[in-house]
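Number of protein chains: 4
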Amino acid sequence: MIDVQNLEDVRGISLHHVGVRNVRYPIKVLDKAQGVQHTIGSFNMYVDLTDKFKGTHMSRFIEILNQYRNEIDVNNLDQILETMRVKLNSNVSVIEVSFPYFVQKKAPVSQAESLMEYTCKMWGSKSVEGKDFYVKVGVSVTTLCPCSKEISDRGAHNQRSNVSLVVRFSQFVWIEDLIHLVEDSASCELFPLLKRVDEKAVTERAYDHPRFAEDVVREVAVKLDEWSAIEWYAVECENEESIHAHNAYAFVKKSKLES
Amino acid sequence: MIDVQNLEDVRGISLHHVGVRNVRYPIKVLDKAQGVQHTIGSFNMYVDLTDKFKGTHMSRFIEILNQYRNEIDVNNLDQILETMRVKLNSNVSVIEVSFPYFVQKKAPVSQAESLMEYTCKMWGSKSVEGKDFYVKVGVSVTTLCPCSKEISDRGAHNQRSNVSLVVRFSQFVWIEDLIHLVEDSASCELFPLLKRVDEKAVTERAYDHPRFAEDVVREVAVKLDEWSAIEWYAVECENEESIHAHNAYAFVKKSKLES
Amino acid sequence: MIDVQNLEDVRGISLHHVGVRNVRYPIKVLDKAQGVQHTIGSFNMYVDLTDKFKGTHMSRFIEILNQYRNEIDVNNLDQILETMRVKLNSNVSVIEVSFPYFVQKKAPVSQAESLMEYTCKMWGSKSVEGKDFYVKVGVSVTTLCPCSKEISDRGAHNQRSNVSLVVRFSQFVWIEDLIHLVEDSASCELFPLLKRVDEKAVTERAYDHPRFAEDVVREVAVKLDEWSAIEWYAVECENEESIHAHNAYAFVKKSKLES
Amino acid sequence: MIDVQNLEDVRGISLHHVGVRNVRYPIKVLDKAQGVQHTIGSFNMYVDLTDKFKGTHMSRFIEILNQYRNEIDVNNLDQILETMRVKLNSNVSVIEVSFPYFVQKKAPVSQAESLMEYTCKMWGSKSVEGKDFYVKVGVSVTTLCPCSKEISDRGAHNQRSNVSLVVRFSQFVWIEDLIHLVEDSASCELFPLLKRVDEKAVTERAYDHPRFAEDVVREVAVKLDEWSAIEWYAVECENEESIHAHNAYAFVKKSKLES
Chain A
306 MIDVQNLEDV RGISLHHVGV RNVRYPIKVL DKAQGVQHTI GSFNMYVDLT DKFKGTHMSR
366 FIEILNQYRN EIDVNNLDQI LETMRVKLNS NVSVIEVSFP YFVQKKAPVS QAESLMEYTC
426 KMWGSKSVEG KDFYVKVGVS VTTLCPCSKE ISDRGAHNQR SNVSLVVRFS QFVWIEDLIH
486 LVEDSASCEL FPLLKRVDEK AVTERAYDHP RFAEDVVREV AVKLDEWSAI EWYAVECENE
546 ESIHAHNAYA FVKKSKLES
Chain B
306 MIDVQNLEDV RGISLHHVGV RNVRYPIKVL DKAQGVQHTI GSFNMYVDLT DKFKGTHMSR
366 FIEILNQYRN EIDVNNLDQI LETMRVKLNS NVSVIEVSFP YFVQKKAPVS QAESLMEYTC
426 KMWGSKSVEG KDFYVKVGVS VTTLCPCSKE ISDRGAHNQR SNVSLVVRFS QFVWIEDLIH
486 LVEDSASCEL FPLLKRVDEK AVTERAYDHP RFAEDVVREV AVKLDEWSAI EWYAVECENE
546 ESIHAHNAYA FVKKSKLES
Chain C
306 MIDVQNLEDV RGISLHHVGV RNVRYPIKVL DKAQGVQHTI GSFNMYVDLT DKFKGTHMSR
366 FIEILNQYRN EIDVNNLDQI LETMRVKLNS NVSVIEVSFP YFVQKKAPVS QAESLMEYTC
426 KMWGSKSVEG KDFYVKVGVS VTTLCPCSKE ISDRGAHNQR SNVSLVVRFS QFVWIEDLIH
486 LVEDSASCEL FPLLKRVDEK AVTERAYDHP RFAEDVVREV AVKLDEWSAI EWYAVECENE
546 ESIHAHNAYA FVKKSKLES
Chain D
306 MIDVQNLEDV RGISLHHVGV RNVRYPIKVL DKAQGVQHTI GSFNMYVDLT DKFKGTHMSR
366 FIEILNQYRN EIDVNNLDQI LETMRVKLNS NVSVIEVSFP YFVQKKAPVS QAESLMEYTC
426 KMWGSKSVEG KDFYVKVGVS VTTLCPCSKE ISDRGAHNQR SNVSLVVRFS QFVWIEDLIH
486 LVEDSASCEL FPLLKRVDEK AVTERAYDHP RFAEDVVREV AVKLDEWSAI EWYAVECENE
546 ESIHAHNAYA FVKKSKLES
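Residue numbers (this note's numbering), protein chains in the order written: chain A, 306 to 564; chain B, 306 to 564; chain C, 306 to 564; chain D, 306 to 564.
Keep in mind the hints are simulated off the structure, nothing from the lab. We put the CB at the ideal spot given by N, CA and C, even for glycine. Watch out, some of these pointers could steer you wrong.
Looking from chain B toward chain C, a few residues come up when the C-beta cut is under 10 Å (computed) [said to hold, decoys possible]:
no., residue
1, M306
2, L320
3, T361
4, E455
5, R523
Please take these sequences and the hints and turn them into a complete structure.
Here's what the structure looks like:
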């Protein structure tokens, strides 16, 4: 049976990425509190393609994913990337995996327990010239508007905000520690389960800690600048404004990537 | 060329709906302030299929849509539905069209003008036994939590909420009038453009009009019960809670459909 | 601390549904091959609200979900619904949970193994008048157009189609059995991992089994009509047409619900 | 009334982007065939924020958008960006606007007319150091798998594919010309309306022009390399594989940006 992908290509154009997108697979990831957590990954996997060949062999990506699915974490991304390079005969390999991640939280006064979802992503790339890894956490928080509080005789508009933090690190960092850093930078963190005593506490906490989107990303940046394990970061905060149908937004990244 | 769709089917199963979904088309709709508004419709169009035939003729739906695209409104839905029944040789025809709709708003104090988007839908069905029409408006508003206000020493959590109202009517009703009825039932309406004097006004207005999701749908229901043109309604309110990552929800419909 | 939700309401309007939406929680569900499967549920939970009270107690839904999260399946939905009715002092309780579900598949010729995702949903409702349960499976398949095959000198357009099947049953049915019934009704089933010998097999299988969206839902209906455990069903097929940017659609339901 | 945003910030962190996201507004854009086209834009608008100030003035973005909404096109993006820099007292201004765009098409044999939707985006940035503009078009096409055709005794799997092309140009280019270039690079272009004679034509055309995702992006790249108005490009093709639930993908960009 002819291998059409292996045919020679004469257009003289090498491709940066060829591969598979939106492959959904159950995975296990590291969990600071419980050792391991079952979740579901959405994978994009790519290699480069030299101008010599007509196509890549898409099935090999799925074979590699199936092989490693019980051990997807930042510690073995490097090995998966190397397997991709070898099995796909390529110079560069890239893997992106997004997954929901749950952390047990206690309500601030009642201590009632529940599980809160965060949206995480690992991104890795490897070539003969080196490798690169990033971790992203998506954290929803409360922001209360400093301007609204200051100018109004009573109340202040507040809303759910989505903070996205991407980091490059020199030593292993826990997803949980990145999440807590973000939550500490907002007007208040979110909880799935709040009894009435807790609702009073989070309402007053947010009112006492007004934050623009601009404040949130600056607070995160200040903390990350002091964390030696973090080589580079980019952080954005998008507020689902309760007084508008559109969102307010702020973004900052560490200006220089020390690599 | 053989007409495969017209072949006899022997499985003895009539189908309730066959047709096309997610057809995107530029349309013009009636606008209370400006006569007509250009927008973009997402169409689902169906007919029934007798157990005699293998398939329907999908291209005819697009021909009909193309023919009527400059005159899509509640006043001629009936004619479009009749054209569908005739051209598709069917007993029942159904059309659903969703579209963004913009209304000019003035900020409450500065009177600054801007355009606010609402998500609308028309739904019509016709058969030999009669016809049925519904209009749906999606309206985002502010809700401020009565419990949070009552139990907290300062502030109150509030958020963007999405209200969806479906009505069946005996006389023509303007989309704008449905929108205003919903906005009057919330803690405060939304505005794209608010200067500082306006932000103070909406913050205090929301604080002075706390509303659960339950309150919003009840307020809407009370007003609709008094509006003689409205034969039936269903209204839901979903709050993007600023203290949770999940939403609070309330739903009520008029119990009896007088048809 | 005052219980605002428990205050009397004077508007005289009972609400059909009050509760929480889009609560995300890790769950375990029954798995025919492996006993149990870890997955992630998206929950909507509602009760009705009498016209006597201003609001419901949203936190109790999360408490119940947290309590039962390790045993979410069709066999104990009834108990969860009863707990909701009791703890929320309501007449009616409703729970909807959607979750991804993975099944191991073997490629048709090479027998290469991989995991395929299906989108499932359980829906239950309980009141003093009785209870009702439905299960829904979402299954992506290949459809190859009978008309295109018949009229063309070579080839035939084909595409990914999404079939959605909802059933009400008198005896327990496995999700896996519903999935297989749908896959057998299409031009061909999908596989995450196909080697070249498999790709030849599925291409020819699809070409030899052309199916309109209309054919797929009729094939499913014929099989379900013969399955005594199935009391009622509704099935739809939506083709992501490879020759259009819109979708073709067919829908049929069992006409009478024998309850 | 105090201007909280104008307060001094002491954290010493300048922000790359502050502004508004997902602002929806009706706009008019240039249309090669008809002069002008009404559509609906989704806007992101940003400026940078010096470390001296606590926040930006979000309402000014909406004022600017409202002012220019009847003249949004590549020819006046520069003026809008300059207005943003001046009114927001910033060094850098950025605007992104995505919008659906409709082009009239004729079916290949019957010449039946209908409107086809494309998803377009303009992106502009301006600072004292210079300016930058990009245009993106999203084009759905048919791809038919060369491997499947070659190894199978009959038929070949094919599917809807989504091609995304971003270009930077030295002279004005029409959206329509970019669209046609992409459509000519696929197995076949899509049409909303196809009669039976047309369906035969597109089925056979696709079968006679098999294309991997890799082939599509290479074909686009070859044509763009010969077009002198195009300074830089990036093109990706994502196939909604009819034999898998995941997608196949290829990406290439012009290696050097001549600016």
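Structure-based check of each hint:
no.	hint	verdict
1	M306	holds (5 Å)
2	L320	holds (5 Å)
3	T361	holds (7 Å)
4	E455	holds (5 Å)
5	R523	holds (5 Å)
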